[in-house]
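J.: So the protein sequences, as listed, match chains B and Z.
Using my numbering, read the first sequence as starting at 1089 and increasing by one per residue.
Using my numbering, read the second sequence as starting at 1032 and increasing by one per residue.
Any given hint might turn out to be false.
[Stated by the list, open to error] FRET-style restraints, in silico, Cβ to Cβ:
(1) 1039(Z) x 1142(B): 39 to 49 Å
(2) 1111(Z) x 1108(B): 41 to 51 Å
(3) 1071(Z) x 1146(B): 23 to 33 Å
[What the hints assert, rightly or not] Covered stretches of chain B (chain Z as the covering partner; in silico rule of three or more C-beta atoms under 8 Å from a C-beta of chain Z):
(4) 1130-1144
(5) 1190-1196
Don't read these hints as lab results, they were simulated from the structure.
Using N, Cα and C, we set each Cβ at its ideal position, and we do this for glycine too.
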Amino acid sequence: AQSVTQLGSHVSVSEGALVLLRCNYSSSVPPYLFWYVQYPNQGLQLLLKYTTGATLVKGINGFEAEFKKSETSFHLTKPSAHMSDAAEYFCAVRKTSYDKVIFGPGTSLSVIP
Amino acid sequence: ETGVTQSPTHLIKTRGQQVTLRCSSQSGHNTVSWYQQALGQGPQFIFQYYREEENGRGNFPPRFSGLQFPNYSSELNVNALELDDSALYLCASSFVGPNIYEQYFGPGTRLTVT
Chain B
1089 AQSVTQLGSH VSVSEGALVL LRCNYSSSVP PYLFWYVQYP NQGLQLLLKY
1139 TTGATLVKGI NGFEAEFKKS ETSFHLTKPS AHMSDAAEYF CAVRKTSYDK
1189 VIFGPGTSLS VIP
Chain Z
1032 ETGVTQSPTH LIKTRGQQVT LRCSSQSGHN TVSWYQQALG QGPQFIFQYY
1082 REEENGRGNF PPRFSGLQFP NYSSELNVNA LELDDSALYL CASSFVGPNI
1132 YEQYFGPGTR LTVT
């Protein structure tokens, strides 16, 4: 069965510092991987996705993630944190385009001025 | 804005009651999925409807049921509400096809069971 783990339920960074949110997955087949962001009292917004091809994917708001098959990881990064990045971030995996999406438990990002 | 809407925004029910939550999918989408997000947790898959038929279900009891209508709007029904059903309920619509992977989420319905 597929599963997703996110190391660190809460991450704090200073404004302008590097953001690194970790995600590892378990899957018997190469999955499709996603990062979503959720602002308070809102639904989920897709930040970026990996399906096939280039392992470094760029998303919205300056975020990017790298798929590393050997490490079964899909960590999310942003070179310089902004106050508006404070939110909950979810890593998710999907086996096929017809399959359900499995979410990790989430990481809450705080940005300190 | 994803084009996916949900109603109501908030709802308070008493244990044992029944509730119906509604979702209007993005135009052109043929699939809707429902998720339960308890406080401080990631969304958990409840079920998915494709062209009005349930084609996937998570680990939820039968008192969680759904419908998808010809216009691709959808309902989530929960009978015999329990306190643990208190959560944010999210629907997500998508167009299922090869090489199409995105789901578009609505803002959610916050259900409180007392």
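J.: State for each hint whether it applies.
T.: Consistency of the hints with the structure:
1. 1039(Z) x 1142(B): 39 to 49 Å: 42 Å Cβ-Cβ, so the 39 to 49 Å window holds.
2. 1111(Z) x 1108(B): 41 to 51 Å: holds (44 Å)
3. 1071(Z) x 1146(B): 23 to 33 Å: Holds: the Cβ-Cβ distance is about 29 Å, inside 23 to 33 Å.
4. 1130-1144: Our answer is that it holds, as 7 residues pass the Cβ test (under 8 Å) against chain Z, meeting three.
5. 1190-1196: holds (count 5)
In this structure, none of the earlier numbered hints is contradicted; all agree with it.
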